[in-house]
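First to last, the sequence lines map onto chains A and B.
Numbering follows the working numbering, with no gaps: position 249 of the first sequence is 249.
Numbering follows the working numbering, with no gaps: position 197 of the second sequence is 197.
Since the hints were made in silico from the structure, they are not lab data.
Among these hints, one or two may not hold up.
[Claimed, not checked] Here are a few chain A residues that face chain B, going by a calculated C-beta distance under 8 angstroms:
| hint | residue |
| --- | --- |
| 1 | Q159 |
| 2 | R163 |
| 3 | F165 |
| 4 | L167 |
| 5 | A168 |
| 6 | S169 |
| 7 | Q170 |
| 8 | V171 |
| 9 | A172 |
| 10 | R174 |
| 11 | P186 |
| 12 | N187 |
| 13 | A190 |
[Stated by the list, open to error] The following residues of chain B were derived to be distant from chain A, with all beta-carbon distances above 10 angstroms:
| hint | residue |
| --- | --- |
| 14 | T91 |
| 15 | L108 |
| 16 | R133 |
| 17 | A186 |
| 18 | I224 |
A quick note: this is a predicted structure, and the numbers were derived from the prediction, not measured.
Note that the Cβ used here is the ideal one computed from N, Cα and C, for glycine as well.
Below, each chain spelled out in residue letters.
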Amino acid sequence: MSARPSLPVSLVLGGALVAALTAAALLSLVWTPHPFAAIDVANRFQGPSADHWLGTDQLGRDMVSQLMAGARTSVAIAFVAVVLGGAIGTALGLLASAVGGIVEDAVMRLADFSFAFPALLFAIMLAAVFGPSLANAIVAIAFINIPVFARVSRAAANQVWTREFTLASQVAGRGGFAITVDHILPNIAAPVIVQATIEFAVAILAEAALSYLGLGVQPPAASWGRMLSEAQTLLYLAPQLAIYPGLCIVAAVLGFNLLGDGLRDITDPRLSRRP
Amino acid sequence: MTLDSPILSVDAVSRRYRLPRRTLFGPAPRLAAVQDASLVVGRGEVLGIVGESGSGKSTLARMVMALERPDGGTIRIDGVDPHRCGRAELTKLRRRMQMVFQDPFGSLDPRRDIGWSVAEPLLAASGLAREERRSTVLDMLGRVGIDPDAAPRYPHEFSGGQRQRIAIARALVTRPALLVADEPVASLDVSVQAQILNLLMDLHEEFGLSMLVISHDLAVIASICDRVAVMKSGRIVETGATRSVLTAPAHAYTKELVAAFV
Ligand SMILES: Nc1ncnc2c1ncn2[C@@H]1O[C@H](COP(=O)(O)OP(=O)(O)OP(=O)(O)O)[C@@H](O)[C@H]1O
Ligand SMILES: [Mg+2]
Numbered sequence: 001m002s003a004r005p006s007l008p009v010s011l012v013l014g015g016a017l018v019a020a021l022t023a024a025a026l027l028s029l030v031w032t033p034h035p036f037a038a039i040d041v042a043n044r045f046q047g048p049s050a051d052h053w054l055g056t057d058q059l060g061r062d063m064v065s066q067l068m069a070g071a072r073t074s075v076a077i078a079f080v081a082v083v084l085g086g087a088i089g090t091a092l093g094l095l096a097s098a099v100g101g102i103v104e105d106a107v108m109r110l111a112d113f114s115f116a117f118p119a120l121l122f123a124i125m126l127a128a129v130f131g132p133s134l135a136n137a138i139v140a141i142a143f144i145n146i147p148v149f150a151r152v153s154r155a156a157a158n159q160v161w162t163r164e165f166t167l168a169s170q171v172a173g174r175g176g177f178a179i180t181v182d183h184i185l186p187n188i189a190a191p192v193i194v195q196a197t198i199e200f201a202v203a204i205l206a207e208a209a210l211s212y213l214g215l216g217v218q219p220p221a222a223s224w225g226r227m228l229s230e231a232q233t234l235l236y237l238a239p240q241l242a243i244y245p246g247l248c249i250v251a252a253v254l255g256f257n258l259l260g261d262g263l264r265d266i267t268d269p270r271l272s273r274r275p
Numbered sequence: 001m002t003l004d005s006p007i008l009s010v011d012a013v014s015r016r017y018r019l020p021r022r023t024l025f026g027p028a029p030r031l032a033a034v035q036d037a038s039l040v041v042g043r044g045e046v047l048g049i050v051g052e053s054g055s056g057k058s059t060l061a062r063m064v065m066a067l068e069r070p071d072g073g074t075i076r077i078d079g080v081d082p083h084r085c086g087r088a089e090l091t092k093l094r095r096r097m098q099m100v101f102q103d104p105f106g107s108l109d110p111r112r113d114i115g116w117s118v119a120e121p122l123l124a125a126s127g128l129a130r131e132e133r134r135s136t137v138l139d140m141l142g143r144v145g146i147d148p149d150a151a152p153r154y155p156h157e158f159s160g161g162q163r164q165r166i167a168i169a170r171a172l173v174t175r176p177a178l179l180v181a182d183e184p185v186a187s188l189d190v191s192v193q194a195q196i197l198n199l200l201m202d203l204h205e206e207f208g209l210s211m212l213v214i215s216h217d218l219a220v221i222a223s224i225c226d227r228v229a230v231m232k233s234g235r236i237v238e239t240g241a242t243r244s245v246l247t248a249p250a251h252a253y254t255k256e257l258v259a260a261f262v
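The shape of chain B in the complex, shown without the other chains:
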């Protein structure tokens, strides 16, 4: 593994969901949520995935995060396949990849104070003494623009934008190499969206973070991604540098998207 080998490579990955039977006999219908998808995220790169609702973006993200098994294909993070490596290795890998979810109201446990939630990835990773954990958490909260004194407070005391900052702090507290952000700003006001995107870009530069950013909004993609992959009906139909995809879309569906965007 060389330094310039990709942080994430997804190779011909597929996922089919079994749907409820509609007839008594005959096979249960299946839905191909992701079909034969391949992509690569280089070190320090920000790759966007854009596509309409139901195109399989979240399913792909869940498979990358080893929350769900692909039916076919391979995923490698730092050269390690999270679906085929041992439990110990997966635990190690978990510290290297983190995720920010779409809904900051759902991704924080309402019964845990935010200091605890941000510290949670450190609990699993262990190795840190209580005091060290505490100072790491407070430091991280400060970096995402949350007053460290607010650590003992609960999620309902914060606004949506603040909660997303907290979720980002939790994702970055183990200093991961790869951050997957699934619609990180979709549930936020436009003014708050810009703040969160700026924060992500600052952290990307500061930590040399590689990112996979999922959005249905081309504006979000255009503002932060180096390259973009366009998804439709479970397939990646086009990949390229953001600028060239936006200015000279090749696939018919991308043309549609871009036309609607400008």
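Just chain A, with the same shape it has in the complex:
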């Protein structure tokens, strides 16, 4: 048993945090201690009790239930946005790498260009133009992921294209598209998945920020970012209302970052592990 190299700490810790977050999000689909949006003004600002484990907020809503529903929002938005942006970005990176020449230059300069202005600013602009909504938040977060994935996948693909088996494949008479699908994609899967994990953290943070500014999901849907902004005016009266969602955001972002680092450690052969 002990013959196998032990897993990196970051992988274990990150994996546990991400698993807990995902479990909470999934569980909230079928069960929360209380209906998360149920207002009960008579019982507002309650402390922790057997009935309300983390107490209630300024409208008497159950904290645990809201946090669970907020986890669902975070994970769902991050997932859709990262998959969408990742798929488009990776396709662009693979195209750039396979075609080369001015196509590659064009794709990469576009990626540089979109790096030049801050992601969040772009999301705010989008929300300002098209109005705040769940869909716009997803589109904005997906969009900022495109150049990230385009870069990562192009760099990885260029490496794979230098390997001899792609030459062998050309000799076998296969075209650029077929080689990309059959050889390049499977060989860049590891770095792309690592990047996706890290981008998940960025997406969760972006969703929280957008919702904090009122540009993300709209009530009654729950969101950690909106919980924070609602708790802001009550910071002296009931600081726990801001602390709980804040801790959730930190844990989620940390979890995905650690998981991404851990995955990179075990998949990247260049980072040789200590014996």
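Place chain B with the ligands on chain A using the hints.
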């Protein structure tokens, strides 16, 4: 085109690489990797190319395989110029010429099982049903001495010699007329080298295969080639029957090579 027309003819082919600039102004320096090279491989013949590292052997092989364009000269395979014919014709031509690479660790995709890799040339060539493809692949694996039951296994589960056998199976699965082998045994142990060379010779006889074998090792050339071309600094300095080149080298460089060999 008659039957005894050569399977491959290379006529005055050149290739210059543009090197990175060393000065801000002035032209980028160029490196003549292959200069004015001509050779012919007859049907069923094994021609060797020998030469020191950097003499342009691999560059010439890549141009023959239409992986890279020559700057000048013509290449004909079965009378067809792969650099000037249409896409459809090139695809057809690809089935007639195949290549074995030097490094059997690099020429097989680590993420594909070997059965898949050997079947790949058949995918491009199409025309075969799945079952037919499968039986062709298993048959070919058997012929190069790999247990057909090992088809679902991955390259890292095989030794260097076994991988080179697999690479040879892939190259021959479309029954090509011409096989280009670029240093096919350079990365293998001496004992394994002999096995692979014997395998190539067996297949050469069995399929009537014409071969272009590249090596920096005269022993390899002497053991399997009918004729040999000697390359130095991008030029072919001498061509002739292997025996006569080895016993009576004409060019000064060949004399050096032979002297070092015996
Ligand atoms: N893509 C390239 N760009 C620039 N120079 C190159 C390139 N490929 C090869 N060369 C140069 O061309 C020359 C011939 O290279 P080539 O690989 O054909 O030699 P070789 O005879 O196969 O050598 P070896 O026995 O080491 O494989 C070398 O000087 C090499 O540095
Ligand atoms: Mg070479």
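Tested hints:
The restraint placing A/Q159 at the interface with chain B is violated, with a minimum CB-CB distance near 12 angstroms, outside the 8 angstroms limit. Taken as an interface hint, A/R163 checks out: its beta carbon lies about 6 angstroms from the nearest beta carbon of chain B, inside 8 angstroms. Among the interface hints, the one on A/F165 holds; its C-beta lies about 4 angstroms from the nearest C-beta in chain B, closer than the 8 angstroms criterion. A hinted interface residue such as A/L167 counts as satisfied when its beta carbon comes closer than 8 angstroms to some beta carbon of chain B; here the least separation is about 6 angstroms, so the hint holds.
Hint status for A/A168: holds, given a least beta-carbon distance of 5 angstroms to chain B, under 8 angstroms. Annotation: A/S169 was flagged as interfacial toward chain B, and the flag holds, the nearest CB pair being 6 angstroms apart, inside 8 angstroms. For the restraint placing A/Q170 at the interface with chain B, the shortest Cβ-Cβ distance is roughly 6 angstroms, inside the 8 angstroms limit, so the hint holds. Nearest Cβ of chain B to the Cβ of A/V171: about 5 angstroms, under the 8 angstroms cut. The hint holds.
At about 4 angstroms, the closest approach between the beta carbon of A/A172 and any beta carbon in chain B falls short of 8 angstroms, and the interface hint on this residue holds. Interface restraint check for A/R174: the shortest CB-CB distance to chain B comes to about 5 angstroms, inside 8 angstroms, so the restraint holds. Look at A/P186: its Cβ gets to within about 4 angstroms of chain B, closer than 8 angstroms, so that hint holds up. With its C-beta approaching chain B no nearer than about 6 angstroms, A/N187 sits inside the 8 angstroms limit, and its interface hint holds.
Contact between A/A190 and chain B, as hinted, is not supported at the beta carbon level, the nearest pair being about 10 angstroms apart and thus beyond 8 angstroms. A beta-carbon of chain A is positioned within 10 angstroms of the beta-carbon of B/T91; the least distance is around 5 angstroms. Once the 10 angstroms rule is applied to beta carbons, B/L108 is inconsistent with being away from chain A; the minimum gap is 6 angstroms. The Cβ of B/R133 lies farther than 10 angstroms from every Cβ of chain A, with a closest approach of about 13 angstroms, so its non-interface assignment holds.
Remark: the non-interface label on B/A186 is consistent with the geometry, its nearest Cβ contact in chain A lying 13 angstroms away (cut-off 10 angstroms). Annotated as non-interface, B/I224 keeps its C-beta farther than 10 angstroms from every C-beta of chain A; the closest such distance is 21 angstroms.
Consistency note: the structure conflicts with the earlier hints numbered 1, 13, 14 and 15.
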